[in-house]
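Visitor: Residue numbers (our numbering), protein chains in the order written: chain Y, 1 to 428; chain L, 1 to 813.
Source of the hints: derived by calculation from the structure; they are not laboratory data. For each residue, glycine too, the CB sits at the ideal point set by N, CA and C. Take the hints with a grain of salt, since some may be wrong.
What the hints assert, rightly or not - Pair by pair, the computed Cβ-Cβ distance ranges are:
#, chain 1, residue 1, chain 2, residue 2, range
1, Y, Gln198, L, Arg141, 48 to 56 Å
2, Y, Ala404, L, Lys111, 47 to 55 Å
3, L, Lys431, Y, Ala404, 55 to 63 Å
4, L, Glu463, Y, Leu427, 30 to 38 Å
5, L, Lys431, Y, Gln365, 57 to 65 Å
6, Y, Gln198, L, Asn679, 44 to 52 Å
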Amino acid sequence: MQCRYACQSGEHVVNRRSVLGGMIAGSLGLASGIGGLLTTPSACASQFMAGQKRILNIFLHGGVSQLETWDPKPNTNTGGPFRAIPTSVPGMQICELLPHTASQMHRLSLIRSLNTKNNDHGKGQTEMTTGHRATGADYPHLGAVVAKSLTPNSFPLPGHILIRGGGSGGHRAAYLGPKYASVVMDEGKPPKFTERPQSLTLEADVRRNSMRERVNDRFAGRRRTADTDAYTFSFDQARDLLTQREVFDASKEPARDQDRYGSSEFGKHCLLARRLLEHGVPFVQVNHSNYDTHHENFDFHIEQLGEFDLPFATLVADLAERGLLQDTLICVMSEFGRTPKINSRYGRDHWGTAWSVLLGGCGIQPGAIIGKTNENGTAVVDREVDHGHVFHTILRAVGVNSSAEFEIGGRKFPIADPSKEPVRELLA
Amino acid sequence: MSRLTWLPSVLLLAAIVLLVEQAVVAADTQLENSPLPESVSNTSNIDKVPVKAELPLHGRIDALIESAAIGPLAPRTSDADFLRRIFLDLTGTIPSPEQVRNFLVDPAAEKRTRIVDELLTSPEFARHMAVQFNVLILERRSEKNIKQQDWERYLYESVAASKPLDQLFRELVYPEPSEAEPHPATKFILNREAEPNAVTREFGRLAFGMDLQCAQCHNHPLIEDYLQADYYGLFAFLNRTTTFTDPKTKLVGLSEKAEGDAGFKSVFTGDGRENTFPRVPRGTSLFVEPRFAPGDEYKSKPEKDKGGVPKFSRREALARILSSSDQFQRNLANRLWLLMFGRGIVHPVDFHHTDNPPNNPALLRLLTDETKRCGFQIRPILREIALSRSYQRTSDEPQAETINFADIAARAVELGKHKVILATKIEALKKSLDEASNVFTEIYSQHEKLIAERSKLEKASVEAKKKLEPLISAKKSAESSLAKITDQSQSVSEAAEKTKAAVAKLPDDKVLAEAAEKLAQRAKQLADSVVAANKSLSEKTTLYDAAYAEFSKAEASIAAIIEKIGPADKLTKLELAQNQAANELTEAHFELSSLQWRMDLCQSIAEFAVLRDSDQAKAASTWISIVEKWTIAGQLAPLKPLSSEQLAFSVMHAAGNLTTQIAAVTDKLDKSPPEQLKNAAEQDKLRIRTQFIQLQLLDALGDPIRDFVTHYGGMPGEDFQATVNQALFFGNGTVVDSWLKPSGSNLSARLGKLDNSADLVDELYVAVLSRRPTDVERQDIAGILKDYPGERPQAISELMWAMLSSNEFRFNH
């Protein structure tokens with residue numbers, strides 16, 4: 001019988017060994033000096049980049065209409081006033097409100113057969129981003145799962161970034177722990193605490209940290225563990241991150257690019273997302289608000305998608321041209337779609353019964369259409385899937401075994417809903 | 001926190017101290033006077049060192065740890081380290097500078113015992129435990145249904161009033177239903193939206209230390225003894241629980257149905273059961289339950305806007321049997337150990353099973369028995385743990401030179417001999433379990449069949465009753481229509497007779513003759529109707545009689561089968577025998593695992609001896625694992641990372657801001673006391689005031705505590721996580737920064753007033769690291785201050801930050 005006293009999680013082992021390494025030997029008098037061991041080279045993020053997978057998730061808040069985007073039904077009783085236009089994929093048509101995106105569809109794919117059986121904003125958001133049905137249980141956000149699975153050791157930047165216009169709270173990491181909760185860039189501003197307080201000069205910060213290290217060195221003479229090293233290391237990481245603060249500043253991007261992405265908030269956030277992805281951040285989510293169009297659905301979609309279309313298409317094209325798309329999965333999701341029935345206020349209401357998401361890039365077949373709704377979009381008629389399948393698919397596409405389990409503090413947690421599977425035909 | 005702020009509560013405390021001391025003394029005397037329970041001496045430990053019965057519990061804890069130890073036992077830790085450790089563990093924060101100084105100069109030999117007793121009865125202990133229970137029970141979920149303040153007060157009051165732990169758990173799973181206002185403990189179930197699967201998982205984890213989640217859909221793939229039947233046994237107690245919403249207050253409350261069984265099917269094998277009897281893990285099943293006639297199952301029926309209370313509540317049944325469950329007791333003992341050692345004897349604490357054995361099985365057995373014997377009181381057990389040598393060891397790493405390699409080699413040989421004996425014992429125990437299991441299973445399946453038959457008959461009876469009901473009313477209406485017609489017929493035929501007589505007297509009266517004719521006709525008609533009604537009644541009666549006979553027959557068969565099922569005593573006895581056999585086997589397995597673990601440790605130490613001279617890198621990593629194992633075995637004190645709350649409180653306390661906050665809260669309370677305090681009886685005032693201070697302090701510090709929780713997170717017993725966000729928060733955030741600035745009499749202000757750098761260094765170390773500086777440290781800081789390029793306050797803030805962000809501060813050592 002085997003005793004499993006020590007935590008065997010891969011992450012833990014790597015951290016312990018790499019950091020502890022010769023250090024304990026130091027306290028035994030077996031190795032000389034402890035100074036150099038704990039400092040990582042002022043690591044440039046790009047050194048982590050080769051082959052490293054990333055995810056860009058664009059969340060259209062409020063529930064985007066599938067009929068005004070990915071699954072148009074022109075000339076039907078539910079279709080609304082807009083036309084469907086051809087895309088760069090022969091035979092694939094999307095709504096005319098997305099002309100720029102249409103030119104990028106050969107790099108992207110659509111799932112048109114979501115039935116998530118839910119019409120509630122909160123639950124929809126939870127279910128689409130955790131891949132689990134919202135019950136009393138607390139599941140980590142996709143970003144936390146990805147950060148946990150894909151962040152390289154000693155990566156100096158946060159692994160899970162949320163860019164949004166405003167709001168409060170962040171993406172929860174649940175049992176994965178605070179390390180993987182979202183770092184938020186409200187209105188695209190740098191994350192909290194990445195700027196020294198005004199009263200603290202760089203010199204003062206260096207002084208107090210060297211004092212801290214002296215206190216630590218003395219304590220290490222008494223006891224040194226993987227935990228003490230991890231704690232010491234977190235301050236080194238913070239120092240490294242501060243030296244890379246400019247990663248969070250999209251104004252450092254060339255003026256020409258800033259023009260291309262435009263002056264809208266969403267445009268700026270897309271450029272920022274490109275910058276973060278280029279620096280190897282494993283998960284970036286950009287929120288775009290608000291699509292909850294119970295009134296005047298068509299006017300609102302002209303406005304919102306008008307803001308969405310060009311920056312999104314520009315970002316897809318840029319990632320492709322820079323060779324990043326093969327390692328970056330793009331997803332455009334929402335909490336649900338909108339009713340085919342147009343209400344008396346020219347609005348569409350909440351609708352989880354038959355709607356679409358967009359996936360593309362890393363690990364995804366380009367130019368594919370999965371599933372089908374009926375003629376006027378009131379029901380899924382082929383290849384019905386839900387949030388659970390999408391969640392599996394996203395993770396598989398970036399090389400995460402979604403059927404595996406996380407082992408956290410000796411407890412096992414399935415990475416994705418074990419009763420669901422990826423949409424295999426969509427995987428490249 | 002400081003001695004001064006405790007003063008007003010001294011009287012009340014004295015009372016509590018007395019109470020607790022009595023409990024402790026009672027427990028002690030009980031321990032001393034009663035003979036050693038057999039289980040302890042039997043399973044004592046691998047080396048069969050006799051444990052002396054007259055030893056107090058802490059002595060027996062030490063005897064078990066020390067006799068099982070492999071290699072050096074770390075010496076007693078310094079007074080300063082002990083004081084910091086016990087403050088953090090029992091009150092959730094570091095001591096104040098006065099407390100450190102007083103303790104260090106106190107020459108009394110029993111000062112450690114005294115401080116343990118003092119802290120256990122302090123209001124800070126109740127607050128700290130309330131915080132810990134909150135995290136444990138709610139797992140940092142967001143506020144729902146019951147207000148957080150009411151919940152915290154409930155937890156605080158529970159600890160302050162020495163509510164036994166088993167009672168707390170009973171209340172969690174079965175809060176007394178109340179029409180007036182919801183019991184605060186309903187929060188446990190309501191926060192999981194009363195979803196039976198979520199509650200099953202959480203209660204299994206909390207109460208039994210068994211996270212059965214994976215066994216929901218199939219037998220646990222990795223843990224042999226977590227069966228789907230275990231999951232559904234617990235589930236069966238909980239799946240009748242629902243919620244209702246009060247239409248006026250919009251508050252959600254708990255409700256329970258009187259029916260609902262727990263069937264399951266494996267998603268892998270398709271095997272399953274239609275119905276699982278309620279059973280706690282490793283316990284006996286509720287084979288027979290009180291039964292009530294259909295329609296008579298409720299004390300108060302569940303309605304849309306009102307909670308139901310069944311006459312027999314399965315949740316209440318769970319609450320009733322809880323404290324007699326051995327697995328429950330083991331779990332509580334293990335959790336109490338976790339509070340003091342940062343790690344359970346079984347660890348992870350939520351996974352009690354064969355392949356996750358207790359490191360020291362005899363120790364867990366001892367602690368389990370004593371926890372039960374102390375009536376599930378927290379304080380006496382924590383006290384004994386705190387007084388043990390094992391708790392009071394240093395956390396400093398031992399020197400490799402202290403290892404006696406020859407000794408350890410000899411131990412390995414000895415352990416190997418025991419292993420052989422144990423292996424034989426295990427084979428025998430496996431056989432007995434198989435036998436007990438077979439006998440039980442056979443009778444069990446008979447019982448299961450009878451139960452299935454009973455529910456079939458019950459269904460038939462309900463059907464029969466359904467058929468019977470319309471026939472009863474049909475018969476009744478036939479009876480009443482017969483009565484009516486008979487009455488009419490009588491009246492008319494009497495009238496006809498009388499008219500006929502009148503015609504005879506007045507033969508020429510034509511009108512009268514016609515009337516007589518009509519009456520005669522009508523009388524005949526009615527007589528026919530009477531015949532018809534009679535016939536109809538007799539038909540209905542026949543139908544009714546047949547249906548009634550069927551119903552009676554169904555009822556009789558139910559009665560017969562219930563008779564046949566009986567009280568299921570034999571079945572329970574057999575299940576108990578099976579469980580006992582399983583327990584004995586498990587205990588033997590545990591003993592073997594613990595033995596093997598120690599043999600492995602001997603092996604590692606032997607390898608280290610060789611590697612030391614040949615391969616330094618490998619020697620270093622071997623050494624790490626050896627030291628880790630010594631810590632697990634209690635030979636060396638652990639480094640325990642401070643929880644989010646401990647860290648927040650300790651940083652504030654070190655910086656001198658906690659004292660200010662307590663003063664502010666107290667001041668506000670005394671200036672405008674709430675009604676409850678004003679109206680309290682004189683003898684309760686002090687207690688209630690203290691409680692208000694502690695709870696309002698939690699409230700007042702809500703924001704910084706939440707900030708720390710957001711960044712440091714963490715659950716008790718979870719793996720340590722150090723993140724870059726934490727370091728950024730600590731280094732650049734305004735929360736910590738604001739505490740470093742001089743204000744009132746906080747540390748920064750106090751240090752600013754000290755011109756003598758020796759005094760400054762001393763105050764800094766005592767306030768932040770709860771110890772006096774060494775000479776080297778004095779010189780070091782004096783040097784820094786002398787050469788400091790800027791203003792003194794800036795230097796002070798840098799020094800404070802460096803100390804607060806150090807490993808020595810971050811860990812409880």
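Visitor: Let me make sure I understand: some of the numbered hints might not hold for this structure. Which ones are they, in numerical order?
Guide: 1, 3, 4
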